[in-house]
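Those protein sequence lines, which keep their order, are chains A and B. If you're matching positions, the first sequence starts at 1 in this note's numbering and goes up one per residue. If you're matching positions, the second sequence starts at 1 in this note's numbering and goes up one per residue.
Hints were generated in silico from the structure; no laboratory data involved. Be careful, since some hints might not be right.
[Unchecked claim] Cross-link-like lysine to any residue pairs, in silico, SDA-like; alpha carbons within 25 Å at most: (1) A/K69 x B/F99; (2) A/K121 x A/F246; (3) A/K69 x B/I129; (4) B/K230 x B/Y7; (5) B/K36 x A/L224; (6) B/K266 x A/G187; (7) B/K230 x B/P218; (8) B/K47 x B/V22; (9) B/K266 x B/D164; (10) A/K69 x B/G130; (11) B/K34 x A/K121; (12) B/K266 x A/S83; (13) A/K244 x B/I129; (14) A/K69 x A/V48.
[What the hints assert, rightly or not] Every beta carbon over 12 Å from chain A, so not counted as near; a handful from chain B, in silico: (15) T46; (16) G50; (17) Q54; (18) Q57; (19) C74; (20) E111; (21) L118; (22) Q133; (23) A170; (24) L174; (25) D207; (26) I276.
Beta carbons: idealized from backbone N, C-alpha and C, even for Gly.
Listed below are the residues making up each chain.
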Amino acid sequence: MSRAGYVPLGERVAAGAEPLSRILWRFPPYRWCVTLLQRMGFTGRSAVIAIPYLWLLLFFLVPFAFVLKISLAEALIARPPYSSLFEWTEEAYLVIKMNVANYQFLIEDDLYWTAYLNSAKVALISTFFCLVIGYPMAYGMARADPSWRNVLLLLVILPFWTSFLLRVYAWIGILKNNGIINNILMGLGIIDEPIVMMQTNFAVYLGIVYSYLPFMILPLYANLERLDRTLLEAAADLGCRPIKAFVYITLPLSLPGIIAGSLLVFIPAVGEFVIPALLGGPDTLMIGRVLWDEFFANRDWPVASAVAIAILLLLVVPIVIFQRFQAHEAGA
Amino acid sequence: MNNNRSYFLISCMVFGFAFLYVPILSLIIFSFNKSKLVTVWAGFSTKWYGALLQNEQILQAAWISLRIAFVNACFAVALGTLAGFVLARLGRFRGRTLFTGMVTAPLVMPEVITGLSLLLLFVAMQDLIGWPQGRGITTITIAHITFSMAYVAVIVQSRLSSVDESVEEAALDLGARPAKVFFVITLPIIAPALVSGWLLAFTMSLDDLVIASFVSGPGSSTLPMVVFSKVRLGVSPEINALASIIVLLVSMGVIAAGYLMHRQQKIRQRDIQFAIAANK
């Protein structure tokens, strides 16, 4: 397949890298560094591992330590607006001042409990509806004619690529009192008064199910498409009714897809901010929105950090399950 | 197959796709509405597109967002490819479990937590080493790279684990150096994954409101931040026009990428068939 005189890009890059390293080798500092690294047991392999490893360590893991630290600090009117945890006294003793008042405050105030439990409830119910709507869609896609499958897959992915914020915004125009649904219903004479749908819990559920549906469909589809159809044929040959075959064969085998999809919806939905802020009312308390308000409206960084730690405590088990699962899927 | 069942499936799919697309279509239709009341039809007009192109604030924010998205996508593909390669090809090493965890956790981590934690990191870093100076485009870009590289890593990893390792092994056996094998064999194989990873990283950065709000500074409002502050005050036809333009661009991009990948796959299948035929 190689056309005459055509050198693939990869080959050109590799060919260019070799003389470069030969030139660099002439400079003693480079040579020393490379030799030192090799003596210490560093190889090209560990460099490849180290680059993304260090990035994620610094910008993903270490920040959580700061969240924990600030959640134990006191709020101050200063820049940055929190007290320091470690202080050197004049006698050079290190004093560590921990302040659990933020957590105490969270536990004692009903607002946070309500928001916390409400978030879990909203996320759970939304996940359930995503599954109910998404499963038949994924199943139908996996059973569709192969030439149709890619088109349908593209149709699921497409909304996921267009702006999340604008898709949530679209529902405002549909749901509000002089919005599309109310206009149609009143135009048809079915109702006289507009139905209030905006700024209700219903709108929040709708928004979450709508926004996260592709996250449910994609892992389910990937799983159902791989499903060995001969098992179903065997069951049918042995006289099993389709419904029974579905319950005893398809459903258990698609469990990994169900779990992956549900976690992909549930975990981010718990901390969701945009949807309750745009579609929910002032009484739609969700923990992500509480964190946002503590941070941006009250400027109370320590309490916001304590809320973040509380959300993580709720999510640590689902996140660990999800990771086990990803690792297992990747290994399989 | 039972007929009733396939009717049930088809109606589920029709309902599901309608659910996904009706809101987007309504946005587009009402962007051509003459009236300022977004949802009351008063005749066809393209004036909101004109108004959008005159809106300095939105244009400036869009320019900032596009710049961040571009830099972010390039870095995210580079780092994410390394991470995906490490996970798929390098086997066991010390700290692999932690690494796997750090790659997959950003996929599901609520954005408010990621945003807050990165902000606290940047504030502490400025205290300790004096960098980054204040917050703005640089800090937003770093934050975006961190979460979008995880998506790229997962795409690259799944692509690599679906490809046979034997070609790379053969090249290594024949004496090619690992770096050369990576650039000459591995990279071309995963090129489609890199393209979709780049596009995904680009759109995710363009789309992010929450993380950017935490780590941005004065004068670095991104497009979603401006849109959000406008939308909070109610619907506006200019935002509908903006949404329509974004939907148009994205669907063109996704369809073009899908078509190219489809063609690439066909060429590869043909090559494989030729190779098998030649060996017989």
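Comparing the hints with the structure gives:
1. Straight-line distance between C-alpha atoms of A/K69 and B/F99 comes to about 23 Å, which keeps the hinted pair within the 25 Å bound.
2. Between the alpha carbons of A/K121 and A/F246 the distance comes to roughly 29 Å, so the proposed pair goes past 25 Å and is violated.
3. Between A/K69 and B/I129, the direct Cα distance comes to roughly 18 Å. Compliance with the 25 Å bound is thereby established for this hinted pair.
4. For the hint pairing B/K230 with B/Y7, the CA-to-CA distance comes to about 43 Å; that exceeds 25 Å, so the pair is violated.
5. Between B/K36 and A/L224 the CA atoms are separated by roughly 46 Å; this puts the pair beyond 25 Å, and the hint is violated.
6. Restraint check for B/K266 and A/G187: not satisfied, since their Cα atoms lie roughly 52 Å apart, outside the 25 Å limit.
7. For the given pair, B/K230 sits about 18 Å from B/P218 by alpha-carbon distance, which is consistent with the 25 Å threshold.
8. Proposed proximity of B/K47 and B/V22 is supported: the alpha carbons are some 23 Å apart, at most 25 Å.
9. Between B/K266 and B/D164 the CA atoms are separated by roughly 18 Å; this keeps the pair inside 25 Å, and the hint holds.
10. Restraint check for A/K69 and B/G130: the C-alpha separation of about 20 Å stays at or below 25 Å, so the hint holds.
11. For the hint pairing B/K34 with A/K121, the CA-to-CA distance comes to about 41 Å; that exceeds 25 Å, so the pair is violated.
12. Between B/K266 and A/S83, the direct Cα distance comes to roughly 62 Å. Violation of the 25 Å bound is thereby established for this hinted pair.
13. As the CA atoms of A/K244 and B/I129 are separated by approximately 65 Å, the hinted pair breaks the 25 Å bound.
14. Between A/K69 and A/V48 the CA atoms are separated by roughly 32 Å; this puts the pair beyond 25 Å, and the hint is violated.
15. At roughly 19 Å, the least C-beta separation between B/T46 and chain A is larger than 12 Å, which holds for a residue marked as non-interface.
16. Separation of B/G50 from chain A is adequate, the least Cβ-Cβ distance of about 20 Å exceeding the 12 Å criterion.
17. Remark: the non-interface label on B/Q54 is consistent with the geometry, its nearest Cβ contact in chain A lying 20 Å away (cut-off 12 Å).
18. With a closest Cβ-Cβ approach of about 16 Å to chain A, B/Q57 is found to remain outside the 12 Å limit, as its non-interface label requires.
19. For B/C74, the non-interface assignment is confirmed: its Cβ lies about 14 Å from the closest Cβ of chain A, beyond the 12 Å cut-off.
20. Not every C-beta of chain A lies more than 12 Å from that of B/E111, the closest at about 7 Å, which undercuts listing it as non-interface.
21. Not every CB of chain A is more than 12 Å from the CB of B/L118 (nearest about 5 Å), against its label as outside the interface.
22. The beta carbon of B/Q133 is kept farther than 12 Å from every beta carbon of chain A, the shortest such distance being approximately 14 Å.
23. Listed as a non-interface residue, B/A170 keeps its Cβ farther than 12 Å from every Cβ of chain A; the least gap is roughly 16 Å.
24. Every C-beta of chain A lies more than 12 Å from that of B/L174, the closest at about 15 Å, which supports listing it as non-interface.
25. Some Cβ of chain A comes within 12 Å of the Cβ of B/D207; the nearest lies about 5 Å off, and the non-interface call is violated.
26. At roughly 14 Å, the least C-beta separation between B/I276 and chain A is larger than 12 Å, which holds for a residue marked as non-interface.
Checked against the numbered hints listed earlier, the structure breaks hints 2, 4, 5, 6, 11, 12, 13, 14, 20, 21, 25; every other hint is satisfied.
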